[in-house]
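Peer 1: With chain D held as given, fit chain C onto it using these hints.
Heads up: the protein sequence lines correspond to chains D and C, in order. Residue numbering for the first sequence follows this note's numbering, starting at 1 and increasing by one per position. Residue numbering for the second sequence follows this note's numbering, starting at 371 and increasing by one per position.
Just so you know, the hints here were simulated from the structure itself, not pulled from any lab data. Every residue gets a Cβ at the ideal spot worked out from N, C-alpha and C, and that includes glycine. Where hints are given, some of them may not hold.
[Claimed, not checked] Listed below are the simulated DSSO-like cross-link pairs for lysine-lysine, each with C-alpha atoms no more than 27 Å apart in a straight line: (1) C:Lys489 x D:Lys3; (2) C:Lys433 x C:Lys489; (3) D:Lys363 x C:Lys449; (4) D:Lys363 x C:Lys433; (5) D:Lys3 x C:Lys433; (6) D:Lys363 x D:Lys3; (7) C:Lys449 x D:Lys3.
[Said to hold, decoys possible] Some but not every residue of chain D turned toward chain C, in silico, with C-beta under 10 Å: (8) Arg12; (9) Asn114; (10) Tyr136; (11) Gly138; (12) Gly203; (13) Ser204.
[Unchecked claim] Calculated Cβ distances over 12 Å to all of chain C for the following chain D residues: (14) Leu8; (15) Leu111; (16) Ile137; (17) Leu159; (18) Met205; (19) Met224; (20) Pro248; (21) Leu306.
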Amino acid sequence: MIKMRRVLSIFRKEIYHIVRDPFTLIMALVMPVIMVLMFGSAVEFNVQNVATTYIDESKTPSSLTFLNLLGSSKYFQLTSTDNIFSGYKRMEREQAKALIIIPPTFEYDVLGNNTGHIQILLDGTDNTAIGAIGGYIGFVQAKACSEICKITEHSTVKLVPKFLFNPELNSQWFIVPGLAAVVMAILSILLTALTISREWERGSMELLLSTPVRPLEIVVGKIMPYAILGLVSVIVVYIVARTFYSVPFVGSHLVFFCGTILFLFAYLGLGLLVSTVVRNQQAAVQIAMAVGLMPSMLFSGFIFALEHMPFVFKCIATIFPARWYVTIARDQFLKGSSLQDLWLPFTALSISAYFIVQLCVAKFKRTLEQ
Amino acid sequence: MTKTHSETFGIEVRNLSRNFGDVVALNNCSLSFAPGIIHGIIGPEGAGKTTLLRTLLGLLDCKVGEIVYTKNDKEIKLKDIRDEIAYMPETQSLYGDLSVEEHMIFFKEMYEMSNDEYKQRSQELLSLTRLDKFKDRPAGRLSGGMYKKLGLICALLRSPTVILLDEPTNGVDTISRREFWTLLYSLVQKYKITVLMATAYMDEAERCTCVHLLENGKVLIEGEPRALISQFGVNGFNELFLKQANLTTESIHA
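Looking at chain D on its own, in the form it has when it is part of the complex:
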């Protein structure tokens, strides 16, 4: 049975450490601002490959020619969908980055009126996919005109693009919400790994373990203040995003908060796990950076779009909680999907948080044995 007075006492002690250690405070409060400003202003993306869904209401040789050209370009992965509502849902659930709607009169318009319109709805939250589409769409458009009408004029097949969720294609809107994950990943894993490894290094863990305190009490007492710090850093990111970059927030604060809490626990647990493996601060920092910073940058979709990664890397990415939290954060800032729509990232995040904390408690022995 967990004794709250011990937990609170460890919590209070950790607060003293945090308040009296300028490094921790700077890490927690200043670093998020620096990172948001640095990444938000400096990072540019160029990627390829787009998951694309389409509605072919024409079902004519002309529409098939267009779709075949699109599919054979290998920059688009095509899947059909029944109606605009299901297509929109697919985009909302991150299953597609673009929705192509070919109207019933397409062939008649192209061959009879010399101008057929195709509506393209693009996921504005993913600037990298938009870039890829922009680069290749002109090529597909020209080939479509040539194959359907046997002429080279672009004007016969007209594309009508519309950007969903981020109509102005503001790249900061895309980057800044993902930064919440990166900032928290670094802060929570690093600070937690440091606080425990510091206790081991100083020898104070030996003293602590000689008292009747239980491992779970130490773990919870240690995690709590850093969970609060992590939440504060998210609030800082949120305020900077909203005020400095004018990023909208169309989702539910509660859904965002729940995702944040799950993510925090997963990464704080990872930090503790690191400290159970290594018992000196230097090694803890190195491992924390390797398992905290690198995956949250590379395998979260923050920089590199996950759908363009080889299958193996996609699988690896699913292990890291950052991959799921970036999806939730971006979604809640720009799309505003419901908890029901976000069942996959929430389930994955819950499972990883649960297993990491369990593993951490199991590994955290109340002895000095390694």
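Peer 2: Then chain C, alone, in the frame of chain D:
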């Protein structure tokens, strides 16, 4: 109200061995610790003193051999005596940024003491150690002797039956060492606790009620210091240790 221990609490170590890789820390050690006195676990660095204390406390697993804890002659489990054993590690294990009082409050919560018990006990200990004037000073800014006293206060706060001290006078000046011993005597006299003190200082052996001389993880001799000195016809513990260590070495070579 001052808490003293009328119960007898014994520890017996039977054939305890412990290796760390190729290093033998304890080699078939058998020891017995009678209650209510100061036991000196004496030996040079690497003799196995810290390993022995950590194993007694359960901080290291007892893999080979056995440790029997008894309370009023009844055998009890390690988990049941954790509340009765206090420990003061050798390392500078206190929190440098926490004050003397903050340390005491932290350990009060760890030991789940009531406010009344804490108030009375902390005042007693602060007065005994003469740290009452330094309650607000961070541990990192205490002198070596005061730092050790604070470690002792934290360990003694909950009135333990047994206290394990790992080289408590290491790195402390002569005057502070003398003060520490005076404090230890008064604590034993006042609270009737059992003290197991590991030290590498041979001169401290004579201050103990009972000594256990260790070298290379083995128990060389045990007994009352003055009786051992007269039994072996030596001038002090330095000589006794060298004599015993050589004898052992000779017997190994033979």
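Peer 1: Broken hints, numbered, in rising order?
Peer 2: Of the numbered hints, 2, 5, 9, 10, 11, 14 and 18 do not hold.
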